[in-house]
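Peer 1: Listed below, chain by chain, are the residues.
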Amino acid sequence: MNTATTASPAMPAHWRDFLALTKPRVMTLVVFTGLCGMLAAPGHIDPVLGFTAILCIALGAGAAGALNQWYESDIDGKMRRTERRPLPAGRMGRETALQFGVGLASFSVILMGLAINLAAAAILTVSILFYVLIYTVWLKRRTPQNIVIGGAAGAFPPLIGWAAATGSVAPLPLLLFALVFLWTPPHFWALALFMRTDYSAAGVPMLPVVAGERTTRTQIGLYTIPMALAALAPWALGLSGMLYGVVAAVATAVFAVLAARVAMRTTGEADTMKPEKRLFAWSILYLFIVFGAVVVDKWVA
Amino acid sequence: MGRRDDEIRARQRQRAMVLGLILGAFVVLVFAITIAKIKGGMPH
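Chains as they are written, first to last, in the numbering used here: chain A, 1 to 301; chain B, 1001 to 1044.
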């Protein structure tokens, strides 16, 4: 019997699922920090080339997100937060996601290299490989330090933006890199505190799962200190003006207060985790404010 | 079976349209990049 004539072909994935594969929400922060890195750089970049550079950063981040979802489809299916993603929900095949991710990554790097410059293309390549190989494949399932080291992947965009505008890197974008790198642990551990059961069910060794809530809270408090120093360093070192200094100081003070509340409290059985959710929400807004201040400060100066 | 085939065709059509739009946008982008590069390379 010829089964080929009776078998129904597989339903092709919807184009919206390809978009979902790129983690558009995460991409907004990546694009914004990349744009700020570019706008804070000295000199002038042609708007078309600037747009192309930001597009490449967005596509590179999207590719990294797609490859992350390709590799993590098994654990995504075990977490409420991620179970509706295209792969665990069965709306797309893994091979399709892999091809899409590799294709998009290659395209973004080649376009960046040809249209902008090799320095930006090289850093973009490192950031994609770091996120996929170092964070996703190597660290995430092995150590509670996954997001500490892996945080570097999300810290590259300001460097890429700066390199796109100037062809090199400088102390200011390196400090912005340090800021995002040190911001990542308190940001993700705040999330991990109220998503602990999800991570536990999926077997991801996030700090609250492995070391407990008390240690995580202490670490959130401790990491906020170097993060605050990195945020104030551009002003202290004379790389940005008073406007940035004031905005960064106020925004960081709010962050520190929220982080201190999370660090010092203990929770009962039916705790709603409001301070943790507040810290998580503020941490996102915080990066927008501080990076925005870097650009506005340059324009004002 | 017929209904499923229709669904598959509809989805393929949608994907083809989106891909077409993306390719069109890419052509415009390459043209704009070329003009920007030529302008950037011109002596003032």
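Bear in mind the hints are in silico, worked out from the structure with no lab data behind them. We put the beta carbon where it would ideally sit given N, CA and C, even for glycine. Accuracy of the hints is not assured; some may be wrong.
[Claimed, not checked] What follows is a list of derived Cβ distance ranges for each label pair: (1) A1025/B with G268/A: 50 to 56 Å; (2) M242/A with R1015/B: 50 to 56 Å; (3) R1013/B with V250/A: 27 to 33 Å; (4) A236/A with R1013/B: 53 to 59 Å; (5) G77/A with D1005/B: 26 to 32 Å; (6) T215/A with Q1014/B: 28 to 34 Å.
[Claimed, not checked] Over 10 Å on every C-beta distance to chain B, these chain A residues come out as not near it, computed from the model: (7) M11; (8) P12; (9) H14; (10) W15; (11) A115; (12) L118; (13) F194; (14) V209; (15) L237; (16) G245; (17) M264; (18) T267; (19) R278; (20) G292; (21) A301.
Peer 1: Does each hint fit the structure? Answer for all of them.
Peer 2: Against the structure, the hints come out as follows:
1. Remark: the range hint 50 to 56 Å for A1025/B to G268/A is upheld by a beta-carbon distance near 54 Å.
2. Between M242/A and R1015/B the C-beta distance comes to about 52 Å, which sits within the given range of 50 to 56 Å.
3. Against the hinted window of 27 to 33 Å, the Cβ-Cβ separation of R1013/B and V250/A comes to about 52 Å, which falls outside the hint.
4. For A236/A and R1013/B, the hinted distance range of 53 to 59 Å is satisfied, since their beta carbons lie about 58 Å from each other.
5. Distance hint check: the CB atoms of G77/A and D1005/B are about 29 Å apart, consistent with the given range 26 to 32 Å.
6. In this structure the hint that T215/A and Q1014/B lie 28 to 34 Å apart at CB is violated, the actual value being about 49 Å.
7. Residue placement check: M11/A does not keep its beta carbon more than 10 Å from all beta carbons of chain B (closest about 6 Å).
8. The beta carbon of P12/A is not kept farther than 10 Å from every beta carbon of chain B, the shortest such distance being approximately 5 Å.
9. Interface exclusion of H14/A from chain B breaks down, the closest Cβ pair being 6 Å apart, not more than 10 Å.
10. At roughly 4 Å, the least C-beta separation between W15/A and chain B is not larger than 10 Å, which violates its mark as non-interface.
11. Once the 10 Å rule is applied to beta carbons, A115/A is inconsistent with being away from chain B; the minimum gap is 5 Å.
12. Consistency note on L118/A: stated as away from chain B, and its beta-carbon is indeed over 10 Å from all of that chain's, at 15 Å minimum.
13. Residue-level check passed: F194/A sits 36 Å from the nearest beta carbon of chain B, beyond 10 Å.
14. The Cβ of V209/A sits about 39 Å from the closest Cβ of chain B, beyond the 10 Å cut-off, so the non-interface label holds.
15. With a least beta-carbon separation of about 32 Å from chain B, L237/A lies farther than 10 Å from that chain, consistent with its non-interface assignment.
16. With a cut of 10 Å on Cβ distances, G245/A stays outside the contact zone with chain B, its closest approach being about 35 Å.
17. With a minimum CB-CB distance of about 50 Å to chain B, M264/A clears the 10 Å threshold, and the non-interface call stands.
18. No beta-carbon of chain B comes within 10 Å of the beta-carbon of T267/A; the shortest separation is about 46 Å.
19. The Cβ of R278/A sits about 38 Å from the closest Cβ of chain B, beyond the 10 Å cut-off, so the non-interface label holds.
20. Residue placement check: G292/A keeps its beta carbon more than 10 Å from all beta carbons of chain B (closest about 26 Å).
21. Separation of A301/A from chain B is adequate, the least Cβ-Cβ distance of about 25 Å exceeding the 10 Å criterion.
When the structure is compared with the earlier hints, violations turn up for hints 3, 6, 7, 8, 9, 10 and 11 and for no others.
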